[in-house]
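**Q** The listed protein sequences correspond, in order, to chains A and B. 1 is the number of the first residue of the first sequence in UniProt numbering; add one for each residue after it. 1 is the number of the first residue of the second sequence in UniProt numbering; add one for each residue after it.
Be aware that a few hints might be false.
[As the list claims (entries may be wrong)] Listed next, the in silico SDA-like pairs over lysine to any residue satisfying Cα-Cα at most 20 Å (straight line): (1) B:LYS13 - A:SER39; (2) A:LYS27 - B:GLN160; (3) B:LYS17 - A:SER196; (4) A:LYS41 - B:GLY93.
Source of the hints: derived by calculation from the structure; they are not laboratory data.
Number of protein chains: 2
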Amino acid sequence: MEKKKNISMAVIKRLPKYHRYLSELLKNDVDRISSKELSEKIGFTASQIRQDLNCFGDFGQQGYGYNVRELYRQISNILGLTKEYDIVIIGAGNIGQAIANYNRFEKLGFVLKGIFDANPKLIGMKIRDIEIQDIDNLEGFLSQNSIDLGVICVPRVNAQKICTSLVNNNVKGIWNFAPVDLVVPEDVTIENVHLSESLLTLAYLLNERSEQE
Amino acid sequence: MEKKKNISMAVIKRLPKYHRYLSELLKNDVDRISSKELSEKIGFTASQIRQDLNCFGDFGQQGYGYNVRELYRQISNILGLTKEYDIVIIGAGNIGQAIANYNRFEKLGFVLKGIFDANPKLIGMKIRDIEIQDIDNLEGFLSQNSIDLGVICVPRVNAQKICTSLVNNNVKGIWNFAPVDLVVPEDVTIENVHLSESLLTLAYLLNERSEQE
Numbered sequence: 001m002e003k004k005k006n007i008s009m010a011v012i013k014r015l016p017k018y019h020r021y022l023s024e025l026l027k028n029d030v031d032r033i034s035s036k037e038l039s040e041k042i043g044f045t046a047s048q049i050r051q052d053l054n055c056f057g058d059f060g061q062q063g064y065g066y067n068v069r070e071l072y073r074q075i076s077n078i079l080g081l082t083k084e085y086d087i088v089i090i091g092a093g094n095i096g097q098a099i100a101n102y103n104r105f106e107k108l109g110f111v112l113k114g115i116f117d118a119n120p121k122l123i124g125m126k127i128r129d130i131e132i133q134d135i136d137n138l139e140g141f142l143s144q145n146s147i148d149l150g151v152i153c154v155p156r157v158n159a160q161k162i163c164t165s166l167v168n169n170n171v172k173g174i175w176n177f178a179p180v181d182l183v184v185p186e187d188v189t190i191e192n193v194h195l196s197e198s199l200l201t202l203a204y205l206l207n208e209r210s211e212q213e
Numbered sequence: 001m002e003k004k005k006n007i008s009m010a011v012i013k014r015l016p017k018y019h020r021y022l023s024e025l026l027k028n029d030v031d032r033i034s035s036k037e038l039s040e041k042i043g044f045t046a047s048q049i050r051q052d053l054n055c056f057g058d059f060g061q062q063g064y065g066y067n068v069r070e071l072y073r074q075i076s077n078i079l080g081l082t083k084e085y086d087i088v089i090i091g092a093g094n095i096g097q098a099i100a101n102y103n104r105f106e107k108l109g110f111v112l113k114g115i116f117d118a119n120p121k122l123i124g125m126k127i128r129d130i131e132i133q134d135i136d137n138l139e140g141f142l143s144q145n146s147i148d149l150g151v152i153c154v155p156r157v158n159a160q161k162i163c164t165s166l167v168n169n170n171v172k173g174i175w176n177f178a179p180v181d182l183v184v185p186e187d188v189t190i191e192n193v194h195l196s197e198s199l200l201t202l203a204y205l206l207n208e209r210s211e212q213e
C-alpha cells in the first residue's frame, strides 16, 4: 500500500469514523459496499468518501464498490492499528477509571500497563487486574517499561507536571483530559479531550437556535 | 451587543477556549490584555484573535487591548452562559459519574436535575445529592420537568432509544458519549464526544511520526 504524505487533518479526523462503520459492517457480515451505500450510513457524500479513500491508495473498484474486509484492514493499517500500544493512565478518578474499563480500547490494540493516582484510598485498588499504583512510582515505572501513550486524567493544576514526567521518560503520545493546554517538545503528539469546551459549544448552538425561532 | 449571523463553526469551536483563558486571567487579576499577549498564551495568532472576536462585535481598543472582565462577560453572553441549563444524565457508569461529579459544569450554569441508570446496583445511590433513578422513570420525569440538555452515557446499543425518548420529551440538546451517530430531528442539536475516534487519531499521528523518523 502506497501512502501519500501530507494528508489533511480533516481527512485524518474522518478515518476513525470509517473504521467504526466498517467494523460494524463486518460484524453484520457485509462483504462489499458502494461509496453511495456507505455515504447513506456514514453521512458523508459519496464523492467525499471516494476522495478521502483515494488519499491512501486505490481501494474501490468501479461497479463493484469496496471490499469491506479489505478496506477495514487497510484503514486499520493506515491508522497504525496493526501494532500494539502500551499505555499508562495517570489519575484514577472517574474519567481514568472509565478509560481503564473500556475494553474496546484493548481490542483496538491499546494495552493498559499501569494506572497511577495520588489518592491513598485508590492506591492498591484493582481495575481489570491492574493495581492502581502510587503516583510517586510513575517515574520509576516509566524508566523500566517502554510506554507509548500516557493518558492524563489528573486535575488541571497537576497536568503539566505529569506531562513533563511522561515526556522525560520517552512517552511520545499524550491523551489529555485535563482542561489545560500542555506544553510538549515537537516530537510529542498530543490529543486533547476538553469536555468543558465540547459542552460550551453545545450551549452556543442550542442558544443560537432558540434565538432564531 | 450586536451579533453577526453565520459565524463559522471553526470560530465557534474556538470560543470556549477564549472563555477558559479569560477565566484564568480573571482569576489571576489581569485587567487588560493585548491580542499579542493573548496570542502567546492561547496559541492562536494575534490576527486570528482579532478576526475571531470581530465576528461578534468591537471588543478591543487600539493601544489599550482587551478589557478582560468585559471580554469574558461578552463571550459568556455569546456562548449563552448567562442563563441556566437543566440537564439529565442517562447512564451512571464511569463517564456518567465523571460528568455528574464535575462541579465546574455547575459553575458554568449547567444544573444537574436527574441521573438515570438501568443497573439495580446503582439505582438509589446518590451523586452530589442527586439520587440515581431507574431508567424506567425517565419518560415520566421528562414529562414533568423541563430539561434543556440530555447527556447520553449508555452503551451504544441503547443510545438511540434513549435519544428518541429525550427528543420526544422536548429535550433540544444532546451531549452524546456513546460511540454511535444518533438520528435526531433538525431542531435538535447534538454534540458528540467519541473517545475511540480521538484515541485512533492520536495513534495515527503517533505512527505517522515514528515512520518519518
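**Q** All the hints need checking, so say for each whether the structure fits it.
**A** Structure-based check of all given hints:
For the suggested pair B:LYS13 and A:SER39, the alpha carbons sit about 26 Å apart, so the restraint of at most 20 Å is broken. Straight-line distance between C-alpha atoms of A:LYS27 and B:GLN160 comes to about 19 Å, which keeps the hinted pair within the 20 Å bound. Between B:LYS17 and A:SER196 the alpha-carbon distance is near 9 Å, which keeps this suggested pair within the 20 Å criterion. Proximity of A:LYS41 to B:GLY93 is assessed by CA-CA distance (about 28 Å); at most 20 Å being required, the pair is judged violated.
Comparing the model with each numbered hint stated earlier shows that hints 1, 4 do not hold.
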